[in-house]
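Work the whole structure out from these sequences, hints included.
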Amino acid sequence: MGLISDDIAIVVDNVSVHFNMSSEKLNSFKEYFIKLIKRQLFFKKFVALENINLEIKKGDIFGIVGLNGSGKSTLLKVISGILKPTFGRVQVFGSISPLIELGAGFNMELTARENIFLNGAVLGYSKKFINEKFEDIVAFSEMRNFLDVPMKNFSSGMVARVAFSIATVVKPDILIVDEILSVGDFRFQKKCNERIKSMMDSGTTVILVSHQLSQIERVCSSVLWLEKGHVKMVGETDKVCYLYKNS
Amino acid sequence: MISRYIQNFIKYIPLLCCLTSRDFKLKYRRSILGVVWSMLNPLLIMVVVTSVFSVILKVDSSDMPFAVFYITGSLIFNFFAEATTSSMTAVISNSSLIQKVYVPKYIFIFEKCAFSLLNMVLSSIAVICVMIFYIFTGEVKIHPTIFLIFIPMIFTFLFSVGIGLMLSTLTVFFRDMVHIWGVIITIWLYLTPVIYPIKMLHASNIDWIVRLNPVYYFVDDLRQFMVLGSFPGVDHFVFEGFSCGVVLLFGVVIFKKAQDRFILHI
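For the record, the sequence lines run as chains G and P. Our numbering applies: residue 401 is where the first sequence begins, and numbers increase by one. Our numbering applies: residue 15 is where the second sequence begins, and numbers increase by one.
Simulated from the structure, these hints should not be mistaken for lab results. There's no promise every hint is true.
[As the list claims (entries may be wrong)] Think about it this way: if two alpha-carbon atoms lie no more than 25 Å apart in a straight line, the pair counts; the simulated DSS-like pairs of lysine-lysine are:
{"id": "1", "chain 1": "P", "residue 1": "270", "chain 2": "P", "residue 2": "114"}
{"id": "2", "chain 1": "G", "residue 1": "445", "chain 2": "P", "residue 2": "270"}
{"id": "3", "chain 1": "P", "residue 1": "41", "chain 2": "G", "residue 2": "552"}
{"id": "4", "chain 1": "G", "residue 1": "628", "chain 2": "G", "residue 2": "645"}
{"id": "5", "chain 1": "G", "residue 1": "527", "chain 2": "P", "residue 2": "271"}
{"id": "6", "chain 1": "G", "residue 1": "590", "chain 2": "G", "residue 2": "528"}
{"id": "7", "chain 1": "G", "residue 1": "527", "chain 2": "P", "residue 2": "270"}
{"id": "8", "chain 1": "P", "residue 1": "114", "chain 2": "G", "residue 2": "458"}
{"id": "9", "chain 1": "P", "residue 1": "25", "chain 2": "G", "residue 2": "484"}
{"id": "10", "chain 1": "G", "residue 1": "590", "chain 2": "G", "residue 2": "533"}
{"id": "11", "chain 1": "G", "residue 1": "571", "chain 2": "P", "residue 2": "25"}
{"id": "12", "chain 1": "P", "residue 1": "271", "chain 2": "G", "residue 2": "484"}
{"id": "13", "chain 1": "G", "residue 1": "628", "chain 2": "G", "residue 2": "445"}
{"id": "14", "chain 1": "P", "residue 1": "114", "chain 2": "G", "residue 2": "445"}
{"id": "15", "chain 1": "G", "residue 1": "458", "chain 2": "G", "residue 2": "445"}
{"id": "16", "chain 1": "P", "residue 1": "271", "chain 2": "G", "residue 2": "591"}
{"id": "17", "chain 1": "G", "residue 1": "639", "chain 2": "G", "residue 2": "457"}
{"id": "18", "chain 1": "P", "residue 1": "39", "chain 2": "G", "residue 2": "527"}
{"id": "19", "chain 1": "G", "residue 1": "533", "chain 2": "P", "residue 2": "114"}
{"id": "20", "chain 1": "P", "residue 1": "25", "chain 2": "G", "residue 2": "533"}
{"id": "21", "chain 1": "P", "residue 1": "271", "chain 2": "G", "residue 2": "430"}
{"id": "22", "chain 1": "G", "residue 1": "571", "chain 2": "G", "residue 2": "552"}
{"id": "23", "chain 1": "P", "residue 1": "25", "chain 2": "P", "residue 2": "213"}
{"id": "24", "chain 1": "P", "residue 1": "114", "chain 2": "G", "residue 2": "527"}
{"id": "25", "chain 1": "P", "residue 1": "270", "chain 2": "G", "residue 2": "552"}
{"id": "26", "chain 1": "P", "residue 1": "41", "chain 2": "G", "residue 2": "484"}
{"id": "27", "chain 1": "G", "residue 1": "597", "chain 2": "P", "residue 2": "114"}
{"id": "28", "chain 1": "P", "residue 1": "39", "chain 2": "G", "residue 2": "533"}
{"id": "29", "chain 1": "G", "residue 1": "552", "chain 2": "G", "residue 2": "458"}
{"id": "30", "chain 1": "G", "residue 1": "458", "chain 2": "G", "residue 2": "484"}
{"id": "31", "chain 1": "G", "residue 1": "484", "chain 2": "P", "residue 2": "114"}
{"id": "32", "chain 1": "G", "residue 1": "628", "chain 2": "G", "residue 2": "597"}
{"id": "33", "chain 1": "G", "residue 1": "571", "chain 2": "P", "residue 2": "114"}
{"id": "34", "chain 1": "G", "residue 1": "457", "chain 2": "G", "residue 2": "552"}
{"id": "35", "chain 1": "P", "residue 1": "25", "chain 2": "G", "residue 2": "528"}
{"id": "36", "chain 1": "P", "residue 1": "270", "chain 2": "G", "residue 2": "528"}
{"id": "37", "chain 1": "P", "residue 1": "271", "chain 2": "G", "residue 2": "445"}
{"id": "38", "chain 1": "G", "residue 1": "552", "chain 2": "G", "residue 2": "527"}
{"id": "39", "chain 1": "G", "residue 1": "628", "chain 2": "P", "residue 2": "72"}
{"id": "40", "chain 1": "P", "residue 1": "114", "chain 2": "G", "residue 2": "552"}
All values reported here derive from a predicted model rather than from experimental measurement.
Set out below in structure tokens:
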């Protein structure tokens with residue numbers, strides 16, 4: 401590994417992700433042994449990502465475009481450490497706050513208050529820290545009146561409000577945004593956009609996945625175009641978006 | 015290398031506490047007696063089992079009343095059974111979390127065992143109530159060794175974590191474990207002198223199996239410390255330490271090897 405300069409936030413080094421796609425998932429001994437005896441334990445190899453090399457600079461707003469199934473979410477999962485790549489490695493310099501799916505750690509039986517602490521702990525924050533930020537979270541979500549209601553009684557928009565407020569309460573070094581800018585009503589969306597924008601302005605590295613090309617063109621400084629797990633193109637926003645639109 | 019693991023673990027201790035309190039709240043939500051059930055339940059079961067085995071089947075527990083004999087044994091064994099059964103599904107039931115956020119996955123197994131430990135500590139209040147009753151009738155005496163009961167409890171905890179790590183790994187790949195384990199734990203119960211004294215086995219030839227069963231030693235230690243006031247031999251502790259070490263080592267190795275593939279199967 402050569403020297404990496406200080407202004408690099410993420411290095412994706414020759415990453416490949418392969419899945420074993422058996423025709424169905426074998427979840428029981430019986431199925432497993434029957435298939436084993438019948439010699440049907442063949443796996444179709446599915447290449448989700450192949451030889452991805454990428455460097456993202458600190459403070460960059462990096463867009464990823466591509467059709468459905470081109471490996472965008474898989475790449476985000478690899479970067480945020482959820483999925484180990486089959487080959488290659490990823491180096492991340494700085495704290496990372498994934499917004500891959502809002503509210504993943506919520507338990508709907510618990511109240512909003514309890515869930516704020518639970519979700520904060522999932523993201524690795526200490527109890528003291530959440531206590532300090534609790535006011536912020538509640539104020540931003542505008543859910544003060546429903547704090548002690550079990551979240552199963554919330555509407556999906558209300559859940560999203562709480563989730564977004566927790567996920568963005570700290571300013572992480574790297575923020576991953578996966579199509580989440582469409583939560584809640586139009587007023588809350590505006591608030592979300594403002595918050596993300598203020599993070600971008602203050603030097604946070606952002607990775608943005610979106611199918612709204614206009615949004616990518618507006619905010620991103622460079623763009624990666626994925627096609628069937630391969631890097632089709634990476635470079636300046638205008639050029640990549642232009643070619644992507646006309647492909 | 016090791017310090018990095020410890021640092022990571024410390025970072026997620028709040029999560030451990032949060033998950034435990036989540037389980038605790040959910041367990042007693044909407045029940046009128048709430049946490050009292052943790053104490054009441056073992057007492058009621060004890061009454062049932064004592065009636066069946068002591069009165070009807072006339073099992074002889076010689077050196078202590080049968081009720082005390084049973085409730086001390088079941089305290090440890092139920093802890094073991096609950097901890098392993100719940101850690102078995104810990105990974106698959108938290109799949110939504112594991113698929114979305116990076117969290118060290120062993121936390122979930124650890125949390126289930128910690129939650130069961132907490133339950134056992136609450137249930138031991140019931141055991142103490144029974145002890146007090148028999149102290150008044152003069153059938154049981156209180157001994158200073160009672161302060162050592164944390165030793166078998168910690169051994170059981172470590173042993174359960176080891177088994178839990180193995181079971182949860184297996185369960186991710188083969189959901190059959192959920193069904194099989196119910197049978198295994200029943201066999202294990204009868205191979206542990208919880209409802210009968212080990213003396214009854216001297217005549218039979220399965221004596222040696224029971225003597226290879228680590229849970230028997232945990233149960234026996236607890237009874238000696240709590241009720242008899244005697245001190246188990248050093249060989250007890252050596253065997254307990256050894257079996258916990260082996261099980262934990264196997265558990266950690268298996269879990270660590272397989273954990274990166276969990277996400278593809280849950």
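| So which hints don't hold here, by number, going up? | 5, 6, 7, 15, 16, 22, 23, 25, 26, 29, 32, 34, 36, 39
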